[in-house]
Structure formats: structure tokens, C-alpha cells
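With the hints as constraints, model all of the structure from the sequences given.
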Amino acid sequence: MFTDNWNELTPEQRYEARMQAWFASEANIDFVSDEARNAWRERMQMLRDAIELKKPKRVPVLPNVDLLVPHLAGLTAHDAYYEFAKLEDVWLKFNAEYDHDAVASTFAIVFPGKLYDVVDLRLVSWPGHGTGDDVHFQYNEREWMHADEYDWLINDPSDFWLRGYLPRIFGSLEPAAMLPHLTDMVEPPVSGAMFFPFSLPPVRQMLQKLLDAGEAAAEWLQACATIDAKITATGKPSYIGGFSKAPYDIIGDTLRGTRGIMLDKFRQPDKLSAAMERLVPLAIEWGRSAADMSRQPVVMLPLHKGADGFLSDADFRKFYWPTLKAVLLGLIEEGIVPWLFAEGGYNSRLEAIHDPDIPPGRMVWMFDTTDMKEAKRHLGGYQCIAGNVPGSLLIAGTPEEVDAYVKQLINDVAGDGGFMLCPGIVVNDANPACLQAMIAAGKKYGAQV
Amino acid sequence: MSEQQQDLVSAIVELREADAAQLVDERLAAGVDPLALIAAGQEAMDIIGKQFAEGVVFIPELIMAGEIMKSLSAKVTPYLADQRSAKRLGTVVLGTVQGDIHDIGKGIVATMLDIAGFDVIDLGVDVPAEKFIATLRDSHAPIVGLSGLLTVAIDSMKATVAAIGEAGLRATAKIMIGGAPINEQVRAYTNADGWAKDAVAAVDLAKSWVGGA
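For the record, the sequence lines run as chains A and B.
Take the first sequence: its position 323, counted from the start at 1, is 323 in my numbering, and no numbers get skipped.
Take the second sequence: its position 171, counted from the start at 1, is 171 in my numbering, and no numbers get skipped.
Keep in mind that the hints were calculated from the coordinates and are not lab data.
Careful: at least some of the hints might be erroneous.
Calculated pairs, EDC-like style, for lysine to aspartate or glutamate (alpha carbon to alpha carbon, straight line, at most 16 Å) [stated by the list, open to error]:
| # | chain 1 | residue 1 | chain 2 | residue 2 |
| --- | --- | --- | --- | --- |
| 1 | A | K230 | A | D89 |
| 2 | A | K236 | A | E42 |
| 3 | B | K75 | B | E26 |
| 4 | A | K443 | A | E42 |
| 5 | B | K197 | A | D308 |
| 6 | B | K158 | A | D429 |
Shown next, in the form of C-alpha cells:
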């Protein structure tokens, strides 16, 4: 529990407790100067004000970078996944040269290549392992869950994960498929045989791999924590306390895949719905446990398969939104701020997502290609919106075009607060002059509203 | 031609997979001309393509319709012997550009082009420029389609277009690009001949280039 009296607190009080804990992290930051401390306080307040639909001192400007940072320093993607020792300087240099307001916590944007090696990750390809040395990770779209496995997932999700999903996405965990069904271990006299699989050589090798994986994970987390602490010390807050996902995306991204879930929607819609409902409490717990550990209130949910074009409006309302909404309500009940990253376009969803059951000023909608004027029209005064400088503009545009885009965007949507400026995508590649232009324009025009 | 197959057209348009399969089985068993069944499928896909362009149906419906068409095609093919299925419009070389391994968008485009009457050479994903060039030389295809989902694909497309130009193939092959980050600005940046926002637009563009629109 986040506080001793957690169960007695209202959602409002829980939100306040998490916000206070986030701001209280100041005591643990070894700021490089008083100026940095003041800048940190000011930026934290701007973020909080924007979330709460107030008019911040200035529009917060977030660069949404990950692989761009090592790229700008001349490192390859492969370096970024494996050479943690080189990343600290690179990230500090970026934060010194680009005067933005906050970056995502490093654990979300630095990737553990060695860990992926140890666990033999099959779900994605990554630099040197299926993508080029200088290309970021990409999903390997397969039916990691088979079409006839919905009942397994619905009846016992943890067992499906342990013996079905994980052995497929991690080569090193393949032997987990040989493990017993753990809930069969009800009492000692009948449990003896359940331990037999642990005598099998593949299972023993798997357990050794898990120990190695633990070491690789610890090394990565240590590197992330060090980088995070040094960035924060320069006065730039980090703002992602955890992740979760929409149940439709959990199934559609990695279990059944894009194609699989689209066919299931026609061939076995009831099973799909039942599985998504089953995943709701798991998705809430995923975000809550991370936010408790990080003591940061924001939990990010990247949204994928509910975008414009991926479902009709009727199907969005039937298949996508109800279980996502349940996850959002569950997180908000825990005092968490869901930060939805609506990748692609959400133009046809704006009516559906303005849902009166969700309390105002308790979440963030970060948009990619969505028409921001329309987003403001639907969500203004209801939830904070963020976005949406196009990734293509940062690559193929000029600094002047970026300046004009930002000016128009701030003019269109920032007038009464509740807005943060950021690219519509996570930036792996960009013309540095364009990114600088975005930040400069954000600060210039964002101070005038 | 497909008046007698109207129930099959409807079954496909309405994505009634089992009904469509049953109708195809029945017609083939009754000795109906297999080309008439394929024509019915094309008619249905035309309707679905129009519904997609109008925003009535979406990607899941295209994928499901593609599944039904694949199954129809598999059932009909053994009856076709040496007959060509229909007039072919030309060859399109298609691939996801180097650095990007996304397959689904390109796959939908390939299916839709095939159903529309193009012969598609699908080079897969993470395709280097040299492979596009070699395939264009071998096939003399008048159209090449470059697909990509990620921003990394933008520079890869630009390099691929330049390489196709250096190989002297732009006079004989038009280049179209498509995928989530693609717009007119990216088309100009990559110097491609055209871009399409989705699979239906890609088919329309390809048809306009071979005079089949």
C-alpha cells in the first residue's frame, strides 16, 4: 500500500497523496544548483497545473525522445542497447543542449540489450538481432497466443502467461511449458509429483538463465537510475511512473496480433470480450504496482489498435472502449494519472472518449495525428491534452515550418490551459534544428498564452 | 455477369465467411464456371473497397474480406486449369523498405492489388534498394510500391527512390510510397512519384498509372 491508511482514503485523497509523494522526491535529488532546484519545482508545477486543467506558468514542452538522444551523439542503436556506460554523458549532453521541461523516466527509453540476449526475446527484433545495428526494436507480429486458447486465458490468465505465452516469447523460458499447473499444489500429500519437472535438465537450465536475467536486469536498472538521477539533478523532472495497456491492445498487440484480433472480432467475438474483461484487473494492478514502486503518479498507456481506421465507431464503443475505460477508472480510483498516448489518429473517437463517468482533470490524452482543434473542442475543460508536432515535420520540415506549426497549435488549443506541447510520436530520428525549433517555439508562444 | 452470384457477392460483402464458403462449394459442385465465382469475389471486393474509402468499413473488414477471398481462391484454383482468372493489369513490385519489418499494411495492399487484377511480386520486409532494383530489372514491372510504418522508413524510402533513379529505372517504373507516416511532404522529401494513404488509395493510384482506372 502506498500509505498505511490507503484503504480509508478517497480517490481524491489518494491522488493528492501520490502528487505529494512525487513533489516530495525533491528531498532525494542532489540538484546541481539552486537554479536547477527552482527550475525543477517550476516544471513540476507546470506539469501538475496542466494535468489539472489549470493554466500553467507556461505551456510545458516535452521532447518525447528515446533513440534520438544516442543518435545525436553519434552512437548507433546497438550502442544504446548495450553500452550503458556511454549513455550517461550522452543523455546529460542532450539535456544541457535542449532546454525542454521533462523527459520520460529512463527505464522507459533505455533498452536492455543484454537482458534480451539472456532471455532470448522473440517478441521483438532489436539492433543486431533482426533489425540493423542502427534501427530500433520492432515487434515480430505472430500469433503468440493461438486462436483456440481463449478459454485457457480466461480461466487462468497467470497459468496461460507462465506456461503458454512466456515460453513462446522468451526462448530461454521455453521449458516453463513443462512446469506443473501451480494451483494443483493444494496440499502436501498430493503435491510431491508437482516438483518433478524441476529435476528436468531443460527446466534447471531455464532457472539458471533466470538468475542471469536477474543480474542483467539489475545492471540495466542501476544504469537507468543513475542517468535518471543525474538528469533530474539538472532540474528536469521525469514523468512516467509505470505502464499499462488497454485490454484490447494487450490481446491485439502481442497475444493474438493485429490480424489475429481482427479476425477474432468476427469469428469469436464473445471469447474476445470475455478475455478483455478478464484482463481489466490485471491491467489496473500492472499500473498500480509500478506507480507504488516508482512513487510517481503518472502511468502511461500507449494505445494502438483503437485508432481511426482500425475499428468502426460502433466496434470501438463495443470492443475497445469499455474495458479501457474500466482500467482508467480503476487507476483513477487508486489516485493514479493515466497518460494515454493515442498513436495514430483519434479523430473518430473524440465523442466516445468524452465519457462522463471519468472525472475531469485526472488524466492526459497525448495525441499523434489527431486534429488538435477538434480534440480541444471535445476534451477542453475535461481532460488535459498533449501533442502533436508531427514526426515527419521534425524529419522533413524546416525550423521555420516547425515554428509556424507550434505557433498555430498553441494558438488553437493552449489558451485556457490543460495543454502540453510534445511531438506526436516517440522521436528516434529528427533534424536537430527542427527539434530545437519546436522547443524554442513552445517556450516562446507557450509563455504568451 | 454475376447476377446469378448475387448471393455470393452479398455473403462476402457482409463478411459471412461460412455462408460464402458453402455457396462456393455448392456452385463448384454444380459445375458453375469458376471464373464467374472469381468475378463475384472481385465485385464484392470492389464494394468493400468503396465502403472503406467512404469510411463505412475499416481495416478489420478488409482483412476479413481478404481471408474470405483467399479461401474462395483456394477452392476455385483447382477448377481453373490453364485459364487465366481475368484480364491482368500489370505487375507491381512491393516491399517494406530496409530498416522496417512491418508486414501488415503491405500485406493488405498486396491482397487488394491482387484482387484488383495486378500481379504482385511481394519482396517482404526490410528490403534493401538493390533488391527492388534487381526485381524491377527482371520483371520490367511498371510500378514499385515502398511501404513503411516507422519514421526510420522515411529516409530509407528516400535512399531507395534515389537508388532506383541511379539505376536508370525511373523512366520505366513509377514509385509509390505508403504507410502511417507518409503524406505529401514525405512524398516530396523522398521524391517518389505518388503516395497513398491506404490500400484502396494505393489500388486507385496503381490503376491510374496503368490506365485501368
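Structure-based check of each hint:
Restraint check: the Cα-Cα separation between K230 (chain A) and D89 (chain A) comes to about 10 Å, which is no more than 16 Å; the hinted pair holds. As the CA atoms of K236 (chain A) and E42 (chain A) are separated by approximately 10 Å, the hinted pair is consistent with the 16 Å bound. In summary, the hint linking K75 (chain B) to E26 (chain B) is supported, as the alpha carbons are separated by about 11 Å, within the 16 Å threshold. Straight-line distance between C-alpha atoms of K443 (chain A) and E42 (chain A) comes to about 14 Å, which keeps the hinted pair within the 16 Å bound.
Straight-line distance between C-alpha atoms of K197 (chain B) and D308 (chain A) comes to about 13 Å, which keeps the hinted pair within the 16 Å bound. Distance check on the hinted pair: K158 (chain B) and D429 (chain A) sit about 14 Å apart at the alpha-carbon level, within 16 Å; holds.
Violated hints for the displayed structure: none, as all numbered hints are satisfied.
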